[in-house]
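Undergrad: Protein chains in written order, with this note's numbering: chain A, 21 to 100; chain B, 9 to 228.
Do not rely on the hints blindly, as some may be mistaken.
Calculated from the model, a selection of chain B residues having no Cβ within reach of chain A, i.e. all distances over 10 angstroms [as the list claims (entries may be wrong)]:
#	residue
1	Ala18
2	Ile40
3	Pro108
4	Thr133
5	Ser210
6	Gly213
Covered stretches of chain B, as calculated for chain A (at least 3 residues, CB under 8 angstroms) [to be verified]:
#	stretch
7	45-54
8	110-116
In case anyone wonders, no lab produced these hints; they're calculated from the structure.
From the three backbone atoms N, C-alpha and C, an ideal C-beta is built for every residue, glycine too.
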Amino acid sequence: MKAIIHIGLKTGVLDPQGRAIARALNDLGFEGVKDARQGKVIELDLTHEDKSQAEEDVKAMCEKLLANMVIESYRIDIED
Amino acid sequence: MRTAVIVFPASNCDRDAAVALEKVTGRKAEMIWHRETEIPKDIEFVVIPGGFSYGDYLRCGAIASRSPIVQDLVAKANKGLVVTGFCNGFQILTETGLLPGALVRNKGLKFVCRPQKLKVTNTNTRFTKRYDNVDTVTFPIAHHDGNYFADDETVKRLEKNGQVLFKYDDNPNGSVKDIAGICNEAGNVFGMMPHPERAIDSAHGGTDGLDFFKSIIESI
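Produce the entire structure from the sequences given, and follow the hints as far as they go.
TA: Rendered as structure tokens:
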């Protein structure tokens with residue numbers, strides 16, 4: 021089973037990298053881009069067989085190490 | 009007095025910190041490798057040095073803050089051990105939760121490296137006592153992720169409690185309210201992005217950092 025974790029800066033935390041990306045896209049002629057937020061994706065290869073157990077464990081991993089809850093939020097997708 | 013510097017893979021200001029500690033205490037600082045599990049009991053002051061611990065992987069300071077030695081450091085800091093972190097050391101201290109907030113990418117996106125003027129905003133602390141008669145000090149800065157962030161409530165609390173000890177004179181990185189250095193509520197843990205340990209010898213271009221270390225040593 022796989023866990024795919026999306027981590028991004030919380031709303032309200034300035035993301036200068038995202039802003040630079042949006043500006044670069046505008047410069048390339050993509051005028052429809054108002055703003056961009058940059059985050060990261062972490063894929064975990066799990067030995068779990070129980071999906072809810074996997075969810076619970078990955079949540080603990082996010083809170084303990086993978087995300088900094090002061091500035092970031094996360095979303096977990098579990099795939100078979 | 010015995011002092012110590014924690015050394016992580018890719019720490020690069022550990023020697024600077026050790027030289028500063030030896031200069032003010034007259035004794036060599038203990039260098040403690042991150043795999044060790046206990047800070048010796050007679051150590052009274054610990055510096056978490058600058059650098060790029062664990063290659064800044066995941067987030068700056070995130071992995072170092074979960075290393076074995078830091079678990080013991082957190083336990084001892086909660087019982088009153090004096091700890092300071094500079095640059096990456098500040099990032100590590102916020103990641104442990106010993107200091108509130110977080111350091112994010114500089115607002116201007118650039119790595120900033122220059123002498124930085126700082127206002128001393130509270131001199132009634134063990135870290136800043138000797139700056140009683142000065143308004144500003146100059147310490148070098150060298151960082152990419154030094155933009156201090158905390159929510160409004162936390163910032164208000166820090167300011168109200170006098171936990172903001174230094175503010176940037178000309179904000180180089182976008183830090184909220186120009187905050188450069190903060191201490192915990194108990195007043196034994198301090199962190200900042202600038203490097204006082206690189207301002208202790210006239211060959212550095214300035215010696216403003218000496219009184220920072222002397223203040224701490226005299227307080228213990």
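Undergrad: Run every hint past the structure and note whether it holds.
TA: The hints, checked one at a time:
| no. | hint | in the structure |
| --- | --- | --- |
| 1 | Ala18 | 18 angstroms, holds |
| 2 | Ile40 | 22 angstroms, holds |
| 3 | Pro108 | 8 angstroms, violated |
| 4 | Thr133 | 23 angstroms, holds |
| 5 | Ser210 | 36 angstroms, holds |
| 6 | Gly213 | 29 angstroms, holds |
| 7 | 45-54 | violated (count 0) |
| 8 | 110-116 | holds (count 6) |
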